[in-house]
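As you go down the protein sequences, you meet chains A and B in turn. Numbers 627 to 738, taken from my numbering, label the letters of the first sequence in order. Numbers 387 to 498, taken from my numbering, label the letters of the second sequence in order.
Every clue listed holds true.
If you only want the chain A side, here are some residues facing chain B, beta carbon under 7 Å, derived:
1. 669
2. 670
3. 672
4. 675
5. 725
6. 728
7. 729
8. 730
Computed spacing ranges between beta-carbons, pair by pair:
9. 644(A) with 440(B): 39 to 49 Å
10. 396(B) with 680(A): 38 to 48 Å
11. 424(B) with 634(A): 17 to 27 Å
12. 679(A) with 408(B): 35 to 45 Å
13. 424(B) with 711(A): 14 to 24 Å
14. 704(A) with 430(B): 26 to 36 Å
Honestly, the hints are just simulated from the structure, not real lab data. A virtual CB, placed ideally from N, CA and C, is assigned to each residue, including glycine.
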Amino acid sequence: KQEVTQIPAALSVPEGENLVLNCSFTDSAIYNLQWFRQDPGKGLTSLLLIQSSQREQTSGRLNASLDKSSGRSTLYIAASQPGDSATYLCAVGAYNNNDMRFGAGTRLTVKP
Amino acid sequence: DGGITQSPKYLFRKEGQNVTLSCEQNLNHDAMYWYRQDPGQGLRLIYYSQIVNDFQKGDIAEGYSVSREKKESFPLTVTSAQKNPTAFYLCASSMEGYNEQFFGPGTRLTVL
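All chains should be built: construct the whole structure from the sequences, respecting the hints.
Right, here's the structure in full:
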């Protein structure tokens, strides 16, 4: 059974810092990996989707990488801003079913 | 505007009551999903549906029921058999089972 882990559970950084959020998974036979943002009491907003054949995806100040062989993905946020404060979740999709396995998330606080 | 709507935003249930959470999408997506989110945990899949009139149990289906009579709608009923229903419930949809998932704003259910 696929297990997804996100470390650290919480992270606090000063504004302007570049940062990396980590996601690890136990089964490398994945179909895709998706990064989401969740604001308190809200639904999930999709940030980036990486297919299993891809190594990275970029959107603005965000860059997500995928290393299937080591079971890891990272989300890089450049020049962080207070508006980036939220919980970031990664989810891994399997080939054989519709199940996506979610990590518990990293709660990011960017201080002005 | 295309998107996923969930209602109500907040729901209170008394012991022994069944309650139904609404999820509607106008994205023309085939697949729809229900997840439960508890504090400090990743999302867990309750039920999913790939096509109308068909749905499958997820990891935590006990105490829940669904229907998929229309492509746009996937209501979730939390029955009295669900012993610990207080949680944040999220509905999602995707073009087909393995593609990018899009989420609604969520319903927070509290048992009184």
